Amino acid sequence: MSPLLDVTRRFFERASALNWSIITILCALALIGVLMHFSVAGGAWSGMPLVHGLRFAGLLALAVIAAVYITARAWRDFAYWLYGGALALLVAVEFIGETRMGATRWLSVGPVSVQPSELMKIAIVLALARYYHHLDPRQTTSIWFAFPALALIAAPVALIMHQPDLGTAMLIALAGFAVMFLAGLRWRYIVPAMALAAVGAVGAYYGVLHDYQRARINVFLGLESDPLGEGYHVLQSKIAIGAAGLTGQGWMRGSQSQGDFLPEKHTDFIFTMIVEEFGFIGGVIVLALFGVLMWRTMEVAGRPRSQFGQLAAAGVAATLACYVLINTGMVMGLVPVVGIPLPLISYGGTAMVTMMAGFAIVLAIDYHPD
Amino acid sequence: MSGRRERSGFMNRRDMLSAGGGAALGAVALRIAYLQTLDPTNYREASDENRFDLRVLAPPRGTIYDRFGTVLASTAREYRVTIRRGAVDDLERTITRIAQLLELDAAWIRRRLNEARAERPDIPYTLFRGLHWPQFAALNVHLPELRGVAAEAGERRNYPHDTVFAHPIGYVQKPTVRDIARVLDEGGAEGESRAVYLRNPDVRVGKAGIEAGLESDLHGQAGWRQVEVNAAGRVISEVGHAERAPVQGAGVVMTLDANLQRIAMQKFAELDLSTQAERSGAAIVMDTVTGELLVLASAPGFDPNHFVNGIGQEEFRGLNESERKPLYHKAVTGNYSPGSTFKMMVGIAAKQAGMPDDWSVSCPGYFPFGGRNFHCWRRGGHGHVDMHDALKGSCDVFFYRAALYAGPERIAAVARAFGFGQTYDLSLPGVRAGVVPDPDWFARAGRGQWTPGLTVNFGIGQGDLQVTPLQLAVMAARLGANGRAVMPRLVREAPGVRAPAPFQMIPGIDPAHLAIVRAGMFGVSNEGGGTAISASNLGLVRRPDNGRIVERTPETARFPPVQIAGKTGTAQVRAITDATRGRHYSTIPWRFRDHGLFVCFGPWDDPRYACAVVVEHGGAGSSVAGPIARAIMRETLLTDPARRAPAQLARLEANVRRPA
Chain Z
1 MSPLLDVTRR
11 FFERASALNW
21 SIITILCALA
31 LIGVLMHFSV
41 AGGAWSGMPL
51 VHGLRFAGLL
61 ALAVIAAVYI
71 TARAWRDFAY
81 WLYGGALALL
91 VAVEFIGETR
101 MGATRWLSVG
111 PVSVQPSELM
121 KIAIVLALAR
131 YYHHLDPRQT
141 TSIWFAFPAL
151 ALIAAPVALI
161 MHQPDLGTAM
171 LIALAGFAVM
181 FLAGLRWRYI
191 VPAMALAAVG
201 AVGAYYGVLH
211 DYQRARINVF
221 LGLESDPLGE
231 GYHVLQSKIA
241 IGAAGLTGQG
251 WMRGSQSQGD
261 FLPEKHTDFI
271 FTMIVEEFGF
281 IGGVIVLALF
291 GVLMWRTMEV
301 AGRPRSQFGQ
311 LAAAGVAATL
321 ACYVLINTGM
331 VMGLVPVVGI
341 PLPLISYGGT
351 AMVTMMAGFA
361 IVLAIDYHPD
Chain E
1001 MSGRRERSGF
1011 MNRRDMLSAG
1021 GGAALGAVAL
1031 RIAYLQTLDP
1041 TNYREASDEN
1051 RFDLRVLAPP
1061 RGTIYDRFGT
1071 VLASTAREYR
1081 VTIRRGAVDD
1091 LERTITRIAQ
1101 LLELDAAWIR
1111 RRLNEARAER
1121 PDIPYTLFRG
1131 LHWPQFAALN
1141 VHLPELRGVA
1151 AEAGERRNYP
1161 HDTVFAHPIG
1171 YVQKPTVRDI
1181 ARVLDEGGAE
1191 GESRAVYLRN
1201 PDVRVGKAGI
1211 EAGLESDLHG
1221 QAGWRQVEVN
1231 AAGRVISEVG
1241 HAERAPVQGA
1251 GVVMTLDANL
1261 QRIAMQKFAE
1271 LDLSTQAERS
1281 GAAIVMDTVT
1291 GELLVLASAP
1301 GFDPNHFVNG
1311 IGQEEFRGLN
1321 ESERKPLYHK
1331 AVTGNYSPGS
1341 TFKMMVGIAA
1351 KQAGMPDDWS
1361 VSCPGYFPFG
1371 GRNFHCWRRG
1381 GHGHVDMHDA
1391 LKGSCDVFFY
1401 RAALYAGPER
1411 IAAVARAFGF
1421 GQTYDLSLPG
1431 VRAGVVPDPD
1441 WFARAGRGQW
1451 TPGLTVNFGI
1461 GQGDLQVTPL
1471 QLAVMAARLG
1481 ANGRAVMPRL
1491 VREAPGVRAP
1501 APFQMIPGID
1511 PAHLAIVRAG
1521 MFGVSNEGGG
1531 TAISASNLGL
1541 VRRPDNGRIV
1551 ERTPETARFP
1561 PVQIAGKTGT
1571 AQVRAITDAT
1581 RGRHYSTIPW
1591 RFRDHGLFVC
1601 FGPWDDPRYA
1611 CAVVVEHGGA
1621 GSSVAGPIAR
1631 AIMRETLLTD
1641 PARRAPAQLA
1651 RLEANVRRPA
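Protein chains in written order, with our numbering: chain Z, 1 to 370; chain E, 1001 to 1660.
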């Protein structure tokens, strides 16, 4: 038997032992994405639906390969480097970043442009998991050891707020706090911290936020009504969801989506389109799929004995949950409008790369529990 | 063992977080349910409001006909190509492809490309109007490959005689911001919905001439249709819930005769040899029995078709700033001194004042009065003249003195009786009244005490006296009708328009006085020494067997000639100075030259038509205005429109509406 064949055979043996329930749900969500992009494109496979499907297939293949060959231990060893690199890139964005539509988020290297803030979404989870991995239980619950963790979170959040990208900053902060919570931060610190965070949020509203961000929050809070400006997206989205009924208007027949009343329907507002065309039932099915994905990932988190594996897997699950909850809350007026896509379904490469990288790590933790 | 404790602590937290996440997902699902059921906002209605749009269907305007049924303004189906820049991938390639299909040249592509680029990306820009059916069909076949391009059918106001009826018929335009503000000022829901209607890109309203004057009759009733639209307002599907068909506006038959109007405009368009330009002025022909206006011409004309879809700024400025004022409706709004055409009024007034029939003056060429000399146009003078000869030779000195004999009040009263100083309801905007001065008016105008010198000037139709060409025609018609108070009419048939009652005699006008001035006018046109003999030789005779008017030929030369009675006039634009006196006209700047006027009626034996012509800065009335009037009168008498059966609106509209 030739060595190449041997390698291939062993790869498939090992791949077959991966967590296929997670992979199946990922595929189902991506497929829903493809169907929705087909509807957005007005019934054409070429373009968005095809790109979305191929992108997912490619990233899934990479994730499977990575899960087979890169162990959880390797991720742990690499965690600080990844975090450090991402932070360095965020600093670089400050100085040589590319400004598009008023926000400086991109770094261009030749034809490739990357958003270091996306990389940070995974890096923060790994770095915090790595940080707590080395602490003993007594240290973990001590207030003094919470500060380095907070610093790990604060540095990228501050840089990303400054770009400005409120949504991503919020997401990273939430993911980071989730890991701290999972690691065992005591309730007696959590409650005052939340109060402090509330005060900080009010302070940020008056001091740090840009006018357009403040306007979005005002509209959300009902302090301002701007049905043709900042409130337009959410109003149109609520109309589409409110008028959809139990089963919706039918695939490719949503009048709000097909008539372009609903903006950003292929990216941030795709959940609205799902509900408009497939109704309450369609929306609940998608939410349930995310719920099951989260539950399966949390199950993986319960398997390893290493603190790193537990926290990293649960951190990815928490990040996923944040994505889904912020996005779906946003399209229904429960959360202010921040640019957070619906994972695996919204069109766009960066968010999918982030999510698939996260699940590559989850699959690796599941496959190599220690 | 510590590991176990650690693990269970993590597991607790993990389960808590999972439960929290699950609960939050459940809350999101509940939120969907809430929005669909309990939320008081009616989202379904809001969605339908988004989705369905009431499209206003602008009604076709009523057709405007001349007295014999010739169409002067109509609404025609028009096919056009529009492009929405925002939806086009490659504007240049798309426009080039369209040019290829429509066989248009590179210059067209360049121009349209520039204009389309200046347009907002979401607003459809009209690339080409007036496609022929084969072009429209060819384009439709290729539409699927031309994203953002639409071939549409619409309606367009069309003026087939372009410049000829520009002034009496006018034109339609998109409602202006001011029009919309005005209906909004009227207030209420009515004003608001009217404003929305006016903003519709297909809606046009009359802005000049009869189109403006009879706007409410011509406009018709708007219809609407519910269509499914997208956010940009583009129609996705024509299938809506309901629709109401628009109702075409009422048809209108004018008193005008298209043939005569065209001839009048052509006469003005003939180049003036001294300026190498079109002439400027007005010509009117009026039926002396019915008062119907057969010709209402103002020159130069302009093409009203250019206004319908928005006239170019350059072109508009050219029209608006031209010295010859083509946009100005001179026939009814132009104010001129009548000059010698006013002398009939002075003559009648003098007669009323008791001037004996044998009263005469000796004209040495000037009239010394009040320390200065009032000149006669003939520097050598007319010698001994009575009223007949004074009219015939247009002797100024006679009428200076006749005016003093009559007094300004009497002259003004006669002038008003013959139609000056008043406005007429022709369903046209801006018909002006002019000015008939008298001592009262003078005092009210704050000009102080009337002086006899003003009376002298009044005698030859100069001074403050201001008349419109329409009023000159009314005067000529009343003289021709032997003192009947003929009123002008422009609309034969329209909603609410009825034939007028027969006209009464003007009270207080002695037929004997009228006969004297009419005979004088006959002399002007037909007797030796008349100022308009050459302008009055029509070359027409009346056949004794059937009474028809025909051209004079060797065979018909023995039949009695058809004659007219007229009066020339020359109105000073500015006072003659020694520098300009006696100078040839071609050496004086155009805008300082005298206006030439001519009024007449005919045929002499049984007057039916009156005509007034004003040629701005045309020099003496006999040299320019006379020949134009002659050409128009000749054609009028030859075709005799008053005695031919006019068109009937009901029959015209029946023809139009007959299904194909």
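Everything labelled a hint here was simulated from the structure, so no lab data went into it.
Remember, predicted model here, so these are calculated numbers, not experimental data.
We treat Cβ as the ideally placed atom computed from N, Cα and C, and that holds for glycine.
A few of these clues could be false.
[Stated by the list, open to error] Selected chain E positions facing chain Z (Cβ under 10 Å, derived; list incomplete):
| id | residue |
| --- | --- |
| 1 | R1031 |
| 2 | T1041 |
| 3 | Y1043 |
| 4 | L1104 |
| 5 | G1223 |
| 6 | R1225 |
| 7 | Q1226 |
| 8 | N1526 |
[As the list claims (entries may be wrong)] Pairwise CB distance ranges (calculated):
| id | chain 1 | residue 1 | chain 2 | residue 2 | range |
| --- | --- | --- | --- | --- | --- |
| 9 | Z | F147 | E | L1030 | 36 to 46 Å |
| 10 | Z | L5 | E | R1147 | 45 to 55 Å |
| 11 | E | L1030 | Z | L5 | 28 to 38 Å |
| 12 | Z | V199 | E | E1192 | 32 to 42 Å |
| 13 | Z | A151 | E | L1030 | 35 to 45 Å |
Exercise for review: List in ascending order the numbers of the hints, as given earlier, that are violated by the structure.
Suggested key: Structure breaks hints 4, 5, 6, 7, 8, 11, 12.
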